[in-house]
Amino acid sequence: MSEPTPQEIAEFEQTTQERIASEALLVDVDGFEGPLDILLTLARTQKVDLRKISVLELAEQYLKFVEEAKKLRIELAADYLVMAAWLAFLKSRLLLPPDPSDEGPSAEELAAHLAFQLERLEAMRRSAAKLMARDQMGRDFFVRGIPEAVSQNRKVTYTATILDLMQAYAYIKTKDSFEPLHMRERERLVTLEQALERMRTLIGHAVEWGDLNQFLPDGWRDDPKFLRSATASTFAAALELVKEGKLEIRQSETFAPIQIKSKSSE
Amino acid sequence: MTKEPNETLFDAPPIGEQERMIEAILFASAEPVSKTAIADRLPHGCDVSEALVHLRKRYEGRGVKLVKVGDAWAFRTAPDLGFLMQKERFETRKLSRAAIETLAIIAYHQPTTRSEIEEIRGVSVSRGTIDLLLELEWIKLGRRRMTPGRPVTFIVTQVFLDHFGLESERDLPGVKELRDSGLLDNRPAPGGLLDDTSQENEDDDLENTDQDDMFE
Amino acid sequence: MTKEPNETLFDAPPIGEQERMIEAILFASAEPVSKTAIADRLPHGCDVSEALVHLRKRYEGRGVKLVKVGDAWAFRTAPDLGFLMQKERFETRKLSRAAIETLAIIAYHQPTTRSEIEEIRGVSVSRGTIDLLLELEWIKLGRRRMTPGRPVTFIVTQVFLDHFGLESERDLPGVKELRDSGLLDNRPAPGGLLDDTSQENEDDDLENTDQDDMFE
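Chains as they are written, first to last, in the numbering used here: chain P, 1099 to 1364; chain Y, 7 to 222; chain Z, 7 to 222.
One chain only, chain P, in its complex shape:
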């Protein structure tokens, strides 16, 4: 058994360190917040400004990480694999000379955007940390311990004007002289009895079918309100006469004119 050379020891130690490092990354994969987070962690190992990052190198690091995971039979979530596929595509595009027939964004544009995303994510992380490092309420500074509630008082003021007053008085003083609803107004109605009486005198002439509204009293067609009263009474009277067998009544369809004819004329 020969002793390992210092060089061999150094190599061994280096690979061990790498293995520990990569395994640490893998074992900890649950702690990562998605592929972008992994990429950011890998990018930091390049120890350069994120703006100067080698996206090609980063893609290789990521693909290697996915390979390692496969070897260790660690099941990666779908989005990690989607990212791997995309980076593999990006890598090939970055390595090949640009194809002038290619449409869409160039490999450089895609790489630049990825770098931007990483930089932005890191900036947000840093800002979040700064925010949380600020003095916080309930930890570093405090609110009033004995707040005093503001009580609500409702104050109602009433208004009335001299005009209101006078109008009210005027109303009271004139109320007595107001005429109650007048019977005179009721006289402008055609009662059933009146209509019946009128119809009896007229039906003798109705030998042909004729519209019912021809039998409305004169002077009642002008005012719609009175027309309604007369129509209702005359129609009711006509039905009454039909019942008595003195009249026939017909209507061709709904809302068509109602026609009547004297029955005795047959």
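Everything hinted at is true.
List time: in silico DSSO-like cross-link candidates among lysine-lysine, alpha-carbon distance up to 27 Å:
no.	chain 1	residue 1	chain 2	residue 2
1	Z	Lys182	Z	Lys146
2	Y	Lys71	Z	Lys63
3	Z	Lys93	Y	Lys41
4	Z	Lys93	Z	Lys71
5	Z	Lys146	P	Lys1228
6	P	Lys1150	Z	Lys182
7	P	Lys1150	P	Lys1189
8	Z	Lys41	Y	Lys93
9	Y	Lys71	Z	Lys74
10	P	Lys1228	Z	Lys71
11	Z	Lys71	Y	Lys63
12	Z	Lys182	P	Lys1145
13	Z	Lys93	Z	Lys74
14	Y	Lys74	Z	Lys93
15	Y	Lys71	Z	Lys41
16	Z	Lys71	Y	Lys71
17	P	Lys1271	Y	Lys146
18	Z	Lys71	Y	Lys41
19	Y	Lys93	P	Lys1253
20	P	Lys1228	Z	Lys100
21	Z	Lys41	Z	Lys74
22	P	Lys1271	Y	Lys100
23	Y	Lys41	Y	Lys63
24	Z	Lys74	P	Lys1228
25	P	Lys1253	Y	Lys146
Source of the hints: derived by calculation from the structure; they are not laboratory data.
Nothing here was measured: the structure is a model prediction, and the numbers come from that model.
Fit chains Y and Z to the supplied structure of chain P, relying on the hints for placement.
For chains Y and Z alone, coordinates are given in the frame of chain P:
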């Protein structure tokens, strides 16, 4: 006796600093804090009594003052500013028809009794209506009428005259003037304009003793 | 409408008196009080802005300080005295990294949509994270974005500003530098290849309903 090491290790902060420490403690505490409790929270060697004297002086004449509650200390709003802790909401309401009619009758017929008002209006007058007018100080009690039952009479007040911009009751326009100005000509047109007024007055029926009817 | 008599009858109180009135109002409230609310409670004609300037100066270096929170004002204990306040300290649940980052993204990018947050973080945002921030009243819904689907946006609240001792969103640490370096720009992915997050996230949403991920 050996002294506590921290008694000698650190000096107490200057009195001004002690003062602002107490200020913060009393501000944030949910209840008044006793001197001992303050001392417990301050660095060792502080003179709480002394700092409290300074702090109290500092708040003299301010919007809040340092007060002693039992043997504890707290900040309180200055008593003269208590009104700021009340939010007043002003609401303007129009007097109801019942109230304005009652008021008008009192103004024109004063001194007048409740039953006279009811006779003129043709409906009963709810207690709330009279109470509101009394509360507004637009009417007050006059002399009792020297009739059976010696009923109280109502008269209008100076507040009433001021509100309506009248120098005296005699300035109220007479019925003839009302008629001349067209105010009496609000005779309803035939066909039910009377309806809505009678509706309003229904509130004032005998059963109705709550005050809701006073507001339109 | 008639004016309140005191609006015209009395002059505004002297500035020193206005100052102590505001002092009382702000001392009495645990929450910041807006300038308008202060003005509403002071007599007519007061110069709230001016009085606040005086008041703020008066409390400089004291144990409590007057701070501006958005368009409102409040007294808060001086942060350097936090160590005295063991008793008042309330233990807040420690926010998870996801919640903290989401909060920061909303604060710096507001108004921002859920899919923008997801694009920045590169992972889906669990519903629980947003719910927690809404519950803390640190974020609220802003206007809908006028883009297809009209997604809701999130913005930070006055409670957020108050909690972190910020006068306004402009005072967020490093916000100017971030803006100048273009890191707050909404820069869409070229060709939208990486922008596939929205699709992935839909399934994530369904699975990810527990809140465990929010707390460490």
